[in-house]
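Protein sequence lines, in the order shown, are assigned to chains U and C.
Just so you know, the first sequence maps onto residues 1 to 296 in the UniProt record's numbering.
Just so you know, the second sequence maps onto residues 1 to 303 in the UniProt record's numbering.
Calculated from the structure, these hints are not laboratory results.
Here's a subset of chain U near chain C, in silico, CB distances under 7 Å, partners left out: (1) 30; (2) 100; (3) 108; (4) 130; (5) 229; (6) 230; (7) 249.
Derived list of chain C stretches under chain U, where covered just means 3 residues or more per stretch with a C-beta under 8 Å from a C-beta of chain U: (8) 27–39; (9) 112–126; (10) 144–151; (11) 178–190.
Where a beta carbon is used, it is the ideal one built from N, C-alpha and C, also for glycine.
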Amino acid sequence: MLSRKTARLERRRRLGPLGVLTHVALVIWTLLVMVPILWTFLASVKSEDEIFGDAWSLPATPHWDNFARAWEQAHIGQYMLNSVIVVAFSTFGTMLIGSMAAYVLARYPFRGNRAVYLLFVSGLAFPVYLALTPLFFVVQNMGNVPVVGPLIGLNTHAGLVLVYIAYSMPFTVFFLSAFFRTLPTAVGEAAMVDGASHTRVFFQIMLPMARPGIVSITIFNVLGQWNQYQLPLVLLQERDKWVLTQGIADISTAAGYDQDWAALFAALTLAILPMLIVYTVFQRQIQAGLTSGALK
Amino acid sequence: MLFNRYRRGLFITSFLAAPVILYLVYVISPYVQAFYIAMTDWRGVTATPAFIGLDNFVRLFGDSIFWKAVTHNLALLVLLPLITIVLALFFAFLLNVGGPQGVGGIRGSRFYRVVFFFPQVLAVAVVAVLFQQVFRPDGSGMLNGPLMALGARPVGFLSDPGVAFWSVLGVLVWQAVGFYVVLFSAGLASIPRDMFEAAQIDGAGRFSLFFRITLPLLWDTVQVAWVYLGILALDVFAIVWVMTDQHGGPDWSTTVMAAEIYRNAFQYFRFGYASALGVVMFFFTVGFAVLSLRVSRRERIEY
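Please construct the entire structure, taking both the sequences and the accompanying hints into account.
Right under this line is the structure:
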């Protein structure tokens, strides 16, 4: 009779050489992921001469001034602030009106419910590129609307926020209405009997109960809107309005021979490092949020 | 009672008004307009563009750049899901099942899962700039530096028309794999451990563990992954636009439909032509979605 230990040894023997290969394969992919990122971090503290010297050399002394130039002269600070402002408002707006729509569509049967739901969800199937040209003119025309026009036309952050909210609707409504459908009805009904309004039931009972779903889809939207490049490229053409992704892409595409490469690497580092730190801290929630979003 | 019905209706209307209006204005109306603009010669100068029917489409089919873009999208549609899923399945299997301690995670599997997912949280535009530097054609590039130090000729990762497309594919796979490792790991976690243990006690090696148990039980998740990666392949833009030379590679060797839409609309101001391209892209996407739904439905019946 085999003891547990010999059974384990037996298994290990059978999987032996492959066990080593397992780690080799995993370490190789780890390196493939990390080396380009670390190489960029390294280059961000090199001098211009060192960048054009040996690609793998270590900097003689760290050039922290690269970061100062990226932040100030390449306006990375400004672009990052723009991104933060836009994403803060657009995510909040997406979650607020997206959950309102999802809740009503999930819990209130009324004539046309199905049609409105399908209208939202149909957006999942369309490539955004089809809408790109007309969208540009829609936003441009928004600029002619009396009073609020100048706030929501082309080259405005509020205009971009509205576009982000609208394009986040399909997935947000799709995901959250499936989620609201699974919540129990009893608590809400009891509150209604006690005289709570529909609105109050939503904000004080359903929304708190839906928290896991809300967290997942918020993460999904924050990342998606923060990383957006295509829409701002079309809708924000004035440099001081740009978001971070535009700023980073521009430093490299507009490059001439007098390009400040050291500042480019510093700018890249400034765009990557905060994301990696935030991700490492919240990795459980982020992985769970993004994958549950994809699996719905 | 009547008052209650009224209040209920008011509530529904007030909750749906903002999302529906926003969605109609910014999403539905542009999509509808695009189909009309695709049949005009609109270049943004005249207020009322001339209706030209299907002329844009006829021109499109004679446009060699368009065909290159389509070819690249189709190549990505096949290769990106295939390579990404194979790699991700392989890693997910190693991380979750094939540990040398027997069934169960191998040492450090949490660490690997965290690191593999890194690229997923980076903006595509940032990844594009990052790899533009990695692929630099001279000795200052991360890859060409060591190559040239060894005395080899530098590779034109982005400047050689025969190589550039593969560089694009490589970056897309690099960014996608981690997400699907986590996705498949989540799927594997829901498979009862006993099943693997029983198979192992019966003498199953890694290969039969993978092909006889893991793969069949994960098949639904694999299909989801395939659809997502397929849509990603049809939607590629920033990697091509930002990373490759001349926004589409030397001799259009990396251009894709989305890049040609952007180029035609916002560089050449051919709004009609760009919209026609958008319509073609739309049919590709819908066609792909319908096809993958049918394929997966058929298989579900067989089960």
